[in-house]
Amino acid sequence: MSEASDPSVTVALRREDFTAEERTVLRAGALSASLFRYPTGVEALRLANPRGSVTVLPYLGQMVWRAAFDGVELAMRGMFDAPRPGPTILDTYGPLAYHAGLLRNGTPGPGDDHPLHGEMPCLPMDAAGLEVGGDEGGPWLAVTGARDYARGFGARYRAAPRVTLRAAATDFAMEIEVENRASAPMDLMYICHANFGLPEGARIVQPVPFDPEHVVTRTAVPGHVVPSERYRALLRSLAADPSGAEVLDDPSRFSPEQVFYVKGLTPGADGLARFMLRRREGDGFTVAYDPVAMPHTVRWLLADGDHGVAAFAMPGTCEPEGYTAERRKGHVRSLAPGARARFITRLGYADRAAAETLARVIADHASGRMV
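To convert, count from 1 in the sequence shown and add 1363; that's the working numbering.
Simulated from the structure, these hints should not be mistaken for lab results.
Be careful, since some hints might not be right.
[As the list claims (entries may be wrong)] Cut-off 20 Å, straight-line C-alpha distance, at most; resulting in silico cross-link-like pairs (SDA-like, lysine to any residue):
hint, residue 1, residue 2
1, Lys1692, Ala1531
2, Lys1626, Gly1693
3, Lys1626, Ala1656
4, Lys1626, Gly1607
5, Lys1692, Val1584
6, Lys1626, Val1655
7, Lys1626, Arg1637
8, Lys1692, Pro1548
9, Lys1692, Pro1658
10, Lys1692, Arg1637
11, Lys1626, Pro1658
12, Lys1626, Pro1548
13, Lys1626, Val1610
14, Lys1692, Pro1654
15, Lys1626, Ala1603
16, Lys1692, Arg1514
17, Lys1626, Ala1688
18, Lys1626, Gly1645
[As the list claims (entries may be wrong)] Here are the computed distance ranges between Cβ atoms for each label pair:
hint, residue 1, residue 2, range
19, Ala1699, Glu1384, 42 to 52 Å
20, Gly1634, Ala1726, 43 to 53 Å
21, Pro1575, Ala1490, 19 to 29 Å
Keep in mind the model is a prediction, meaning the values are calculated, not measured.
Note that CB positions come from ideal geometry on N, CA and C, so glycine has one too.
Could you build the full structure based on these sequences and the hints that come with them?
Take a look at the structure:
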């Protein structure tokens, strides 16, 4: 069952419906959906409720370009003011979140020939739509999509992404289901690549300790980074004591990038692992997901003249070191012919009161797992 199921209304979208002038095409109580086209030609769909909005690119990998609640923007700072069409994520690197994978993932290493984070981030969708309905959680509105992917003598799958916003929520569900439609098993590598902004002084709140056992610093330097001795020394220091990256009080430390792997996560009382990046103002950014379905969690921090990213909890089925390295580690999942896999990540915002409550929930989860 999807995050939101049994829709009462379904609206099919067409590319020609998107114009330069934004227009509302659906209202359902406190929820609305509007369509527009960026000057770059990329189609966009904005889901809104009284607290904020989520801007989805329904045909460009169904990535989430922006989201804001209570006037607070969640997305990273980047080089692109608007999304741009292109075959890889590097052609438009600036979204709040995108689906990384699915056949390959991560930064290509020696022996790899796949694009950064695979084919899915900018994969054109065959179809997109709107669904509106309600359930025990209240009214909801969703963007849907589908792509039938096939390569001659290779993989064949159907990807069905979905973004769901509820009427009173300050978070949203980013979901994807993949079905192997080939006659042979399919390699599967997935990461929900969630790129929040990096607010100076923010603190990462997580359900495991900030020690080397639970927060593993990547000390191997990827090919796109030119390391200085100061950078290498910093990595060694963080490897010994990763609590130095708990509070983001000196963004200059995150240039070049730093990557961490969060280990030992277990489901909380509601079946989810929850993280928060709590800002100095007392509010925060939030991530929640099932750590059984997505057993690997990546943290990526970067702050330079062109970017500010606190990807503080990116869940997935693998780590981002490229196909060859992840296969060697046993992190490449095999999906049988006809089988399906589904991944749901909740991304959002917590005001000061909600952030205080969430901090207690995460602390209770942490103390529970330590008993």
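Cross-check of the supplied hints:
| no. | hint | in the structure |
| --- | --- | --- |
| 1 | Lys1692 with Ala1531 | violated, 42 Å |
| 2 | Lys1626 with Gly1693 | holds, 16 Å |
| 3 | Lys1626 with Ala1656 | holds, 14 Å |
| 4 | Lys1626 with Gly1607 | holds, 17 Å |
| 5 | Lys1692 with Val1584 | holds, 18 Å |
| 6 | Lys1626 with Val1655 | holds, 12 Å |
| 7 | Lys1626 with Arg1637 | holds, 13 Å |
| 8 | Lys1692 with Pro1548 | holds, 19 Å |
| 9 | Lys1692 with Pro1658 | holds, 14 Å |
| 10 | Lys1692 with Arg1637 | violated, 26 Å |
| 11 | Lys1626 with Pro1658 | holds, 9 Å |
| 12 | Lys1626 with Pro1548 | violated, 28 Å |
| 13 | Lys1626 with Val1610 | holds, 19 Å |
| 14 | Lys1692 with Pro1654 | holds, 18 Å |
| 15 | Lys1626 with Ala1603 | holds, 15 Å |
| 16 | Lys1692 with Arg1514 | violated, 26 Å |
| 17 | Lys1626 with Ala1688 | holds, 18 Å |
| 18 | Lys1626 with Gly1645 | violated, 26 Å |
| 19 | Ala1699 with Glu1384: 42 to 52 Å | holds, 47 Å |
| 20 | Gly1634 with Ala1726: 43 to 53 Å | violated, 18 Å |
| 21 | Pro1575 with Ala1490: 19 to 29 Å | violated, 47 Å |
The structure fails hints 1, 10, 12, 16, 18, 20 and 21 (numbered hints given earlier, in ascending order).
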